[in-house]
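Each protein sequence line maps, in turn, to chains A, B and C.
Under the working numbering, the first residue of the first sequence is numbered 1294, with each subsequent residue one higher.
Under the working numbering, the first residue of the second sequence is numbered 1294, with each subsequent residue one higher.
Under the working numbering, the first residue of the third sequence is numbered 1294, with each subsequent residue one higher.
All copies of an identical chain are treated as equivalent in the list; a pair is satisfied when it fits inside any one copy or across any two copies.
Cut-off 25 Å, straight-line C-alpha distance, at most; resulting in silico cross-link-like pairs (SDA-like, lysine to any residue): (1) 1329 / 1352; (2) 1388 / 1415; (3) 1373 / 1416; (4) 1388 / 1308; (5) 1329 / 1423; (6) 1329 / 1416; (7) 1373 / 1316.
Quick caveat, the hints were computed from the structure, so don't treat them as lab data.
Since the structure is predicted, the reported quantities are computational estimates derived from the model, not experimental observations.
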Amino acid sequence: MPLWHVYHPPGTYTPQQKQQLAADITGFYTRFGLPKFYVVTLFHEVDASSFYVGDEPSRNAVRIVVEHIARHTDEPVLRKRTGEVLAELLAPHTKDRGLYCEFHIDETPRDLWMIDGIAPPPSHSEAERRWAEENRPTPY
Amino acid sequence: MPLWHVYHPPGTYTPQQKQQLAADITGFYTRFGLPKFYVVTLFHEVDASSFYVGDEPSRNAVRIVVEHIARHTDEPVLRKRTGEVLAELLAPHTKDRGLYCEFHIDETPRDLWMIDGIAPPPSHSEAERRWAEENRPTPY
Amino acid sequence: MPLWHVYHPPGTYTPQQKQQLAADITGFYTRFGLPKFYVVTLFHEVDASSFYVGDEPSRNAVRIVVEHIARHTDEPVLRKRTGEVLAELLAPHTKDRGLYCEFHIDETPRDLWMIDGIAPPPSHSEAERRWAEENRPTPY
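Just chain A, same shape as in the assembly (with noise of 0.2 Å):
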């Protein structure tokens, strides 16, 4: 947790700027004090032949699908100050481009979940702030 999914054209992203997008997701949920682990970013090349926006193929549209488990908060000014942090975040790798931008979050449950085996430490908890400094899971 989180789980972002990128689906983008062909040829969009370099390496290097893949690595930077990832690095700019890492750093939204560090500053939540999440280990930076739990953020793992996977890129996705659909070609245009299967990839609609409607009834059109599309070669410049980013679609992304992000999935919280960790943190949920049902306070609905942090909900949408969350949308419109990602949307600052994401505009210069999509928007700023020239690229069509959507993307939603999920949210599942955190009971769910386990990390190398382990299920991962209560938020804002000891061990947390533990796996956090060392950037990694160990038994708590």
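Fit chains B and C to the given chain A structure using the hints.
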């Protein structure tokens, strides 16, 4: 929203057949007033050695995952009807061609969704009607 | 249902190893009476330049997304146990081979699910038992 992922054996669909399926899917949603561009359909070829139904590699299964964001209903009859109508829509692209087809729909929160940096307008709003008419997102 | 997506580095699994993992996953669910064919496992190769853990490209991580439709439980002990049992099931395919592994399970609504044009029968029904025995969907 909606996002459709179609996982299918290599060579199952020509680009024209993919576009027709995307058009049929899009037509389902525009009848409810949704903008065409809300509907994104991604096709993913999966080789038999990577596609298992039970413990058997599959050469003739189509597995579809649908994510609904913009419209949810709690009305059991409407929910049942949605499944049935989509099954009919899919039949000529799957069952009638001898392809086994399974699909399910996930529902994700509307307030964690952004298109080109804009939170989409409320359902049935004037702005949503304008987005549908112009088939593009604009500030509202 | 369930649907398993296994995102892995290129060459991690031979077809035989994929089939064994699919068989192990299938075995987990058939013990609860689910038909074999409910279990779909898709393998997706992701190159290191498209697979980031934090801000680093990864060559040894396996990220698994599971979608549960047919059976949900609200019982905390059973939920915890599900994660643990699946972690044990996955260990020989991941951790024991030196592969880092994260998985999470999403739960999606049972009433928005269709197989070959049929809404699957209720849990533990006579029809479900018949589907399991015959390992195929038939009208009920």
